[in-house]
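Chains as they are written, first to last, in the working numbering: chain A, 47 to 302; chain B, 82 to 391.
Hints in this document: simulated from the structure, not taken from any laboratory.
Careful: at least some of the hints might be erroneous.
[To be verified] To give an idea of the interface, some chain B residues facing chain A are shown, with a C-beta separation under 8 Å as derived from the structure:
#, residue
1, Ala140
2, Leu165
3, Val272
[Unchecked claim] From chain B, some residues computed to sit far from chain A (all C-beta separations above 10 Å):
#, residue
4, Arg102
5, Asn128
6, Met159
7, His171
8, Pro172
9, Ser173
10, Asp175
11, His186
12, Glu221
13, Met281
14, Glu332
15, Gly344
16, Val357
17, Ala374
In this text, a Cβ means the ideal position worked out from N, Cα and C, and glycines have one as well.
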Amino acid sequence: MLAVFTLWRRELVRFFRQPSRIAGAAGSPLLFWVLIGSGLSGSFKLPGGPSDLSYLEYFFPGTMVLTLLFAAIFSTISVIEDRSQGFLQGVLVAPVPRAAIAAGKVLGGATIAWLQSVIFLALAPLSGIRLTLASALAAAGVLAVLGIALTAVGFAFAWRVDSVQGFHAVMNLLLVPMWLLSGAFFPPSGAPGWLAAVMMANPLTYGVSALRWALYGSAPEVGTGLPGPGLAIGVTILAAVLAFGFDLLAMRGTSE
Amino acid sequence: MSPEPSPAVEARGVEYAYRSRKGVHPALAGLSFQVAPGEIYGFLGPNGGGKTTLFRILATLARPQAGTVGIFGMQDSMAVRRLLGVVFQHPSLDIHLTVRENLLHQGHLYGVRGKDLEGRISAALERFGLADRRDQKAGELSGGLRRRVEIAKALLHEPRLLLLDEPSTGLDPGARRDLWSTLDGLRKEGVTVLLTTHFMEEGDRCDRLALIDRGTLVAEGSPAALKEEIGGDVVTLTGADPEALARELQERFPDLAPEVRDGAVRLEHDRGHALVARLIEALPGRVDAVTVARPTLEDVFLHRTGRRLY
Numbered sequence: 047m048l049a050v051f052t053l054w055r056r057e058l059v060r061f062f063r064q065p066s067r068i069a070g071a072a073g074s075p076l077l078f079w080v081l082i083g084s085g086l087s088g089s090f091k092l093p094g095g096p097s098d099l100s101y102l103e104y105f106f107p108g109t110m111v112l113t114l115l116f117a118a119i120f121s122t123i124s125v126i127e128d129r130s131q132g133f134l135q136g137v138l139v140a141p142v143p144r145a146a147i148a149a150g151k152v153l154g155g156a157t158i159a160w161l162q163s164v165i166f167l168a169l170a171p172l173s174g175i176r177l178t179l180a181s182a183l184a185a186a187g188v189l190a191v192l193g194i195a196l197t198a199v200g201f202a203f204a205w206r207v208d209s210v211q212g213f214h215a216v217m218n219l220l221l222v223p224m225w226l227l228s229g230a231f232f233p234p235s236g237a238p239g240w241l242a243a244v245m246m247a248n249p250l251t252y253g254v255s256a257l258r259w260a261l262y263g264s265a266p267e268v269g270t271g272l273p274g275p276g277l278a279i280g281v282t283i284l285a286a287v288l289a290f291g292f293d294l295l296a297m298r299g300t301s302e
Numbered sequence: 082m083s084p085e086p087s088p089a090v091e092a093r094g095v096e097y098a099y100r101s102r103k104g105v106h107p108a109l110a111g112l113s114f115q116v117a118p119g120e121i122y123g124f125l126g127p128n129g130g131g132k133t134t135l136f137r138i139l140a141t142l143a144r145p146q147a148g149t150v151g152i153f154g155m156q157d158s159m160a161v162r163r164l165l166g167v168v169f170q171h172p173s174l175d176i177h178l179t180v181r182e183n184l185l186h187q188g189h190l191y192g193v194r195g196k197d198l199e200g201r202i203s204a205a206l207e208r209f210g211l212a213d214r215r216d217q218k219a220g221e222l223s224g225g226l227r228r229r230v231e232i233a234k235a236l237l238h239e240p241r242l243l244l245l246d247e248p249s250t251g252l253d254p255g256a257r258r259d260l261w262s263t264l265d266g267l268r269k270e271g272v273t274v275l276l277t278t279h280f281m282e283e284g285d286r287c288d289r290l291a292l293i294d295r296g297t298l299v300a301e302g303s304p305a306a307l308k309e310e311i312g313g314d315v316v317t318l319t320g321a322d323p324e325a326l327a328r329e330l331q332e333r334f335p336d337l338a339p340e341v342r343d344g345a346v347r348l349e350h351d352r353g354h355a356l357v358a359r360l361i362e363a364l365p366g367r368v369d370a371v372t373v374a375r376p377t378l379e380d381v382f383l384h385r386t387g388r389r390l391y
């Protein structure tokens, strides 16, 4: 446990010592939200939603997930740096179970991602979303689980890939399309049948749905055709657990 | 203590090969050796001879594909890791953390915490002359200072066996002297030290050493014992025409075996000093300089493998 704590804390200390990382991670989703949200506002109508729902509002939860996604990718890059700069070898020869190393790194990265997404959550009223204490807490909880899941996915690839370039390539190929097809960008109910099917098979769709349920409860702004709240949060938790198991699998047989 | 304490390191028939699409590249071909508790044991050999692979196996980062390695009689990696302090050739410090934070992190990884840890960190900083660097970031330190922090870090949990991979690579002479006074001090405290090196000067400072070449152990023993097998002294003569000098020497002294290497005549003799006077008298004015030297580990390596160390 002490090992998990110290690895977790190191991630945070390093993050706060690199101001450019903070600015980059928080800035780009905000830019995405303003530009894409404003640009598509005129042409958007949520099927089954209230007619006055703006795209800026629809796109907001998806942008929070994008914040998590960027932060998760950025923070797991540190695994590759740790390896190339030699720090990791010192950790690997310490009497620490591999699971504790994964847990420390993933929780550290997820905490950083979560902090950024929660700061973004505080901007929700700007988009028209009305936050209550209960909905804010519920959303923060979903963001935490989702942050762990995404960081754990990033960690598994970062452990196996030996260059930052390769890691970016894999992440762009995997995580960005997952996000595009998660209901963050457009609802499954308005998509053609085959695309909607792909979206329903995408685990991240359940995470984004869980976030919408957390923010809106049963209000019509949540839209139609989404997985129900129980299923959404259940799949998200399961995805986080599986992704962590994937990490342990990725670590097996390497540098034991 | 049992009457026969287990050796600090006992390796038997260790084999390791790297597999790639181009084929199998053997790195270690059945290595066996023993390191006694409390000694400084060195692996001397050219780069690419298998030292780094051996180091990774001893440090529990790789498993032997055949054979066994026991550290104080233990084979389980978790148990072994508790006994090991490891100093890597490439720094393992986090350059964004301060010296103290690096040590704190290390202590936590080994389960040391709180007042105990703070006390150990202060003592280590004091011992290695780093007290005034405590809150400086590791990335701002010079190479020599960083190596000192590395060693302080590796010793924080009081390991019984300290492993060092090419510890003096990249250090200036002053930092090398520091390093060796530290290692000598550790030996006095009963810590076993095992290091790899490709510097013969460093091999000379070990209690015992193994010469490693192409994944096999070509010789093992104390530096003095290894050199004894060469027998006597190495006499080197320089002159205007080394080839002619060698021929003439051969004619006058049929029992010598002079050979020309790097533009000088080199020969081995049990009593070099006595020989020098006879040589100079026999070849008046032909010899510019004569040196008589004890054989070096380089000579031993050459003798055993037919190749130079560098």
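Results of checking the hints against the structure:
1. Ala140: 5 Å, holds
2. Leu165: 6 Å, holds
3. Val272: 17 Å, violated
4. Arg102: Holds: least Cβ distance 16 Å, greater than 10 Å.
5. Asn128: At roughly 18 Å from the nearest Cβ of chain A, B:Asn128 sits farther out than 10 Å, so the non-interface label holds.
6. Met159: It is violated; B:Met159 is separated from chain A by about 5 Å at its closest Cβ, not greater than 10 Å.
7. His171: For B:His171, whose nearest Cβ neighbour in chain A is about 4 Å away, the distance does not exceed 10 Å, so it is violated.
8. Pro172: Incorrect as stated: the minimum Cβ-Cβ distance to chain A is 5 Å, not above 10 Å.
9. Ser173: 3 Å, violated
10. Asp175: Check fails; 5 Å does not lie beyond 10 Å.
11. His186: 5 Å, violated
12. Glu221: 13 Å, holds
13. Met281: 27 Å, holds
14. Glu332: At about 59 Å from chain A, B:Glu332 clears the 10 Å cut-off, so the statement holds.
15. Gly344: Answer for B:Gly344: holds, closest chain A Cβ roughly 42 Å.
16. Val357: Holds, because the least Cβ-Cβ distance between B:Val357 and chain A comes to about 50 Å, which exceeds 10 Å.
17. Ala374: 39 Å, holds
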